[in-house]
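A.B. asks: Listed below are the residues making up each chain.
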Amino acid sequence: MKKLNTLLAQKENLLSIYFTCGYPELADTTAVISALEKNGVDFIEVGLPYSDPLADGPTIQDSSQKALENGINLDIVFSQLMSIKQSNQTPLVLMGYLNQMLKYGEEKFCQQVVDCGIETLIIPDLPMVEFENHYQALFDKYGLTNVFLITPNTSEERIRKIDSYTKAFIYVVASSSITGAKGEISKEQIDYFIRIKAMQLKSKCIIGFGISDKPTFTTACAHAHGAIIGSAFIKHLGSHGVENIAAFIAPIKA
Amino acid sequence: MKSKFQPDENGYFGQYGGAFIPELLHPNVKELADNYIQIIESEAFQTEYKALLKDYVGRPTPLYLAKRLSQKYGAHIYLKREDLNHTGAHKVNNTIGQILIAKKLGKTKIIAETGAGQHGVATATVCALMGLECTVFMGEKDIVRQAPNVARMKMLGAKVVPATSGSKTLKDATNEAIRYWIQNPATFYLIGSVVGPHPHPDMVARLQAVISEEMKWQLKEKTGKENPDTIIACVGGGSNAAGAFYHYMEDQTVELIAVEAAGLGVYSGESAATSQLGEVGIIHGSKTILMQDAYGQIQEPYSISAGLDYPGVGPLHAHLFETKRAKFMSATDNEALAAAYELTKIEGIIPALETAHALAVLPKIKFKKDQVVVINLSGRGDKDLEIFIKNLEA
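If you read the protein sequences in the order shown, they are chains D and R. The first sequence: position 237 = 237 (this note's numbering), numbered continuously. The second sequence: position 110 = 1110 (this note's numbering), numbered continuously.
These aren't lab readings, by the way, just hints derived from the structure by calculation. If you're wondering where the values come from, they're calculated on a predicted model, not measured in any experiment. Hints may contain errors.
These stretches of chain R come out as covered by chain D in the derived footprint (C-beta under 8 Å, 3 or more residues) [what the hints assert, rightly or not]:
| no. | segment |
| --- | --- |
| 1 | 1022-1033 |
| 2 | 1087-1100 |
| 3 | 1261-1267 |
| 4 | 1270-1283 |
| 5 | 1356-1365 |
Even for Gly, the Cβ is constructed at its ideal location relative to N, Cα and C.
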């Protein structure tokens, strides 16, 4: 697997896709990753289905629920990811909720993640103070990197602090909302992207939340290093299946 | 002096608590954390809060010596009559306090979650009182089993939004309220129990503490001593118990008993006895004891009582449980029903199903002669009449 940091350093306009493991079918995890790689997605956000995903909108909630009904669990996810460790070259970022890591055993979780060749985590309910007090040392020990989110309401002081902690990229939440395709990017959102860019942070910024198609992706890329599409892809996957992933990605890459 | 039962600067009671929130909520939660103690302790707040509790809510609530109940169980059993509060439960102590805090912070839109509907009604009530917009999230399943409270909320001008995800009960209503809050950070989340991210558990405990504050002088008047031997309260999230225990937590001579809902039996698979079935985990922004599977997926609890049907417990209670400061007991659906019928027949008081769980442990305790016991009678049973009628002994 390529290093995410190498990619971030070498390429712009990065396209990242979020998907939910074990959705639409339990065994689809690896097929989705392969298809995304084949279609030129730059890095992939691997979602761990959770029963109570507070930071996710209805589309991702439903896909998580379905995946859990399919019988997905962390052990299955790790074995699926292990099975493609050699073949897959696209960097993977793991996204899950803190309770999943806590219950699985924090050390065991980190070890499994590293064994799968993954070095980047997104944990939306891990706040900065808990990271500083309880997780920074643990992640360092395993060579893992935590991705922090910033929002239109995050103070400049806090953004600077997040920038100093960031080893991969900063996840710029496009609006004050939970995930879910919105359709377009507003003037206020663009002003916010410009404000962040003007801060000249050392870290690369990737925009997520509300990015759904070619126009929103292009707008996001004009103001950041790339963008993440989640709900819109899950919707497409749910209705058109793994075999039609190209139909979703191609127009965005075009 | 720092108390063992007050949270530290990051909102921890021992190892439980904290604020595990998405970044989107950080400014909101920080604003509240930075201001709540100062607001609550201000003279202006205290004056208005106390005046509303007296003239609008009807406090102090009586401390009633239940003679026939006492005779039956061989102890001096006092009932702290929170059921006589306006809106029928202890919940209003908290909503009156929080609505004043919301106003002080300049918030105009209020959201809340509700299980049995008591907190929803209490929130809709204070919003009507203050002329603020109110949205209440309620599990689809609870909307069916607590219909009278849904009607009350609507009459009070609140919008009731059904939570259709997961188990469609209190846990999911709370998820939906938090999601809405994330999308609309300018709203004030008027949480109904001692749960959620710091400072919510501590704030709600402080606002419910009026229960034990009154108990102290009422007991002094009636028994000559401020302290009872034992306090019994039911626990879902744990707000009425937190209020009843609050001013006694430091005094080890007062036995504290928290009663959880065991549903069809603690180990039946249909239960909400969190302390018995749960392990350390994170729910609704707080580290606590939580019913979950081997992979940290939150499990769906069950209780006949919509107010106790919660897979977690407030972090203060997790701490009281772990340090053994409080004794945790449980009561099944049937035990709670029997206790409700008993109180109704021998004392003429129809308790809420939640409260009935606290009464249901009386037959399980061996009381000493002259033991002074206070049961927090957290709510009245009007909302549960349909269930009571359905289960009436032939």
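A.B. asks: All hints, please: hold or fail.
C.D. replies: Each hint, compared with the structure:
no.: 1; hint: 1022-1033; result: holds (count 5)
no.: 2; hint: 1087-1100; result: violated (count 0)
no.: 3; hint: 1261-1267; result: violated (count 0)
no.: 4; hint: 1270-1283; result: holds (count 5)
no.: 5; hint: 1356-1365; result: violated (count 0)
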